[in-house]
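> Here is what each chain is made of, one letter per residue.
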Amino acid sequence: MPPSPRNSQPFLVQLGDLFLIELTNWRWSWRSMLLTATITPLFGIIALGIFARDSGPSTLAYVLTGNLVLSLLFGAMDKVQSRFTYMRVVGALDYFAALPIQRYSLIQAVAVAFFLLSLPSLLATLGVGALLLNLSLHLHPLLLIVIPVCALSLAGLGAFIGVTVRDPHEGGSLSLLVTLVLAGLGPVAVPPERLPGIFLILGRFSPATYAASALRQVILGPVTLHLWLDLGVLIAFAVAFLWLVGWKMDWRGTS
Amino acid sequence: MLVYDIQNVTKYYPGQTRPANRDVSLQIHTGEIFGILGDNGAGKTTLIRQMMNLLRSTSGEITLFGQPVTRDPLWTPRNVGYMPQESSSLNCLTVGEALYYTAHLRGLRRAEAQDERESLLDLWQIREMRDQYSNRLSGGQRRLLRLAVATVGAPPVLILDEPTNDLDPQRRKRVWDVLRRLNAERGTTIIFITHDAIEAEKIIQRVAIMRDGALAAVGRPADLKRTVDQKLRLELFCSPDAPPHFPPPLTPHEVQPGRWTVLVERQAASAVLGQLDLTQVDDFRLYSATLEDLYLHYAAVPA
Numbered sequence: 008m009p010p011s012p013r014n015s016q017p018f019l020v021q022l023g024d025l026f027l028i029e030l031t032n033w034r035w036s037w038r039s040m041l042l043t044a045t046i047t048p049l050f051g052i053i054a055l056g057i058f059a060r061d062s063g064p065s066t067l068a069y070v071l072t073g074n075l076v077l078s079l080l081f082g083a084m085d086k087v088q089s090r091f092t093y094m095r096v097v098g099a100l101d102y103f104a105a106l107p108i109q110r111y112s113l114i115q116a117v118a119v120a121f122f123l124l125s126l127p128s129l130l131a132t133l134g135v136g137a138l139l140l141n142l143s144l145h146l147h148p149l150l151l152i153v154i155p156v157c158a159l160s161l162a163g164l165g166a167f168i169g170v171t172v173r174d175p176h177e178g179g180s181l182s183l184l185v186t187l188v189l190a191g192l193g194p195v196a197v198p199p200e201r202l203p204g205i206f207l208i209l210g211r212f213s214p215a216t217y218a219a220s221a222l223r224q225v226i227l228g229p230v231t232l233h234l235w236l237d238l239g240v241l242i243a244f245a246v247a248f249l250w251l252v253g254w255k256m257d258w259r260g261t262s
Numbered sequence: 181m182l183v184y185d186i187q188n189v190t191k192y193y194p195g196q197t198r199p200a201n202r203d204v205s206l207q208i209h210t211g212e213i214f215g216i217l218g219d220n221g222a223g224k225t226t227l228i229r230q231m232m233n234l235l236r237s238t239s240g241e242i243t244l245f246g247q248p249v250t251r252d253p254l255w256t257p258r259n260v261g262y263m264p265q266e267s268s269s270l271n272c273l274t275v276g277e278a279l280y281y282t283a284h285l286r287g288l289r290r291a292e293a294q295d296e297r298e299s300l301l302d303l304w305q306i307r308e309m310r311d312q313y314s315n316r317l318s319g320g321q322r323r324l325l326r327l328a329v330a331t332v333g334a335p336p337v338l339i340l341d342e343p344t345n346d347l348d349p350q351r352r353k354r355v356w357d358v359l360r361r362l363n364a365e366r367g368t369t370i371i372f373i374t375h376d377a378i379e380a381e382k383i384i385q386r387v388a389i390m391r392d393g394a395l396a397a398v399g400r401p402a403d404l405k406r407t408v409d410q411k412l413r414l415e416l417f418c419s420p421d422a423p424p425h426f427p428p429p430l431t432p433h434e435v436q437p438g439r440w441t442v443l444v445e446r447q448a449a450s451a452v453l454g455q456l457d458l459t460q461v462d463d464f465r466l467y468s469a470t471l472e473d474l475y476l477h478y479a480a481v482p483a
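So the sequences go chain by chain: W and V.
My numbering puts the first residue of the first sequence at 8, with every later residue one more than the last.
My numbering puts the first residue of the second sequence at 181, with every later residue one more than the last.
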């Protein structure tokens, strides 16, 4: 036997340390967060808002929440994708796998850290977007649950892309494509009555549809029973994506 | 006591028809300083990644302290400190943060982790880098940080992939001195890959030489040298544009542009020198076999 190896830290301690390590990614990510997760959605709000100005508050609500989802797609999904792709390419996964930690503590730490890092962009988009569109907000306390669940389900998708693609170029391209498809499919930024039927059907398989619906209810009201369906589907997406990431990730003898 | 027992290990990467390594069997004992030499692509890094359980072997088995590395995923990380060849994992952290978090994740309490950070900053003489971000460090400084990170928590085994690459001579010496000290004072088993055979000869106790994914030789350098020590090493320095003409059947090896090395039989040395046009040579040296010669000898001879 070796000379009494140390015990591993409990899962929550691992999660805490890894979360703090991942939070230091703000040192590189804040510029692109500002550009893509804040400025791009605000341009979207301005552009769509001009077209939808005379369509009434219902359509403007879709413009606002659709662009909040866009902010999360750029802020949480794309950045988590970049992080996982980067970790694979530069050998960071080997560094973590050589420590006595569990893979799910790392996966969750990345997802939660990038959710927090994307929060300022989301809140800026919400505040400035509401002002630009002249919408009055009716914030429901369930917002505190809905935003993390939306972010985690999209971060999970980003992580899955990150552990699947071959290199950062492919990851960036695929992530952009997924962002555009998810934002365009289903009633995310555009009301359902203005979408072709096929988009509505396909939109049912997109987490962005449920994220937009949930955000609309807790930000602009009214909250209906549909919110629980939205939350349930988003949680299912988050769990499924994070499980897939753990299954697919190159980690200790799995490759 | 056996630290690593490697039995008939083979690794095929997905989609590859040639194995990265094949039928490797090897035992490494407690307290050894064990070097792995071989050309690029010889399968060295694949082997140590298998030993770290970062890669699954296609066949064969590796045990660490008597337990298969694949049985408990935390067994190897709890016992082995690993320094990968390349890693930018710590890019966003300062040197101090990297050491502290690694220590805490290795199971040290917070206060112990802080003490460990301070101790390693001194041991590796990197205190002046404490508050610098890793991505602002030079290649050599990053390597020192990765070495310090591998030694966090004083694991009983260290596996180091090219620990002295990118280092200036002074730092290289420092690395070998520290590794020798860890081995002498703590009994740390040290396994490392290197291309720096001449430097490594100062501390290596046993060596494995790999060629085309297979072990070409394993043993103490002194024992292995007996197989080639009847030969002398002739080293020639000349213009890269005008390589020297070696008389047959010598098979020279260009170590770097303009630097050629060849092993010659002792009794033939004078004749060989006589046949060379030394006016076209900037400098030449003739000496007995070194670890580098072993490496060149076994890397050239089919396994």
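The reader is advised that the hints may include incorrect statements.
[To be verified] Estimated spans, in silico, between C-beta atoms of each pair:
| id | chain 1 | residue 1 | chain 2 | residue 2 | range |
| --- | --- | --- | --- | --- | --- |
| 1 | V | S299 | W | S143 | 57 to 63 Å |
| 2 | W | R38 | V | R310 | 25 to 31 Å |
| 3 | V | R198 | W | V246 | 39 to 45 Å |
| 4 | W | T231 | V | D295 | 18 to 24 Å |
| 5 | W | L207 | V | N188 | 39 to 45 Å |
| 6 | W | S62 | V | R316 | 32 to 38 Å |
| 7 | V | Q312 | W | I205 | 41 to 47 Å |
Hints in this document: simulated from the structure, not taken from any laboratory.
We put the beta carbon where it would ideally sit given N, CA and C, even for glycine.
> Does the structure break any of the earlier hints, and which numbers would those be?
Structure breaks hints 4, 5, 6 and 7.
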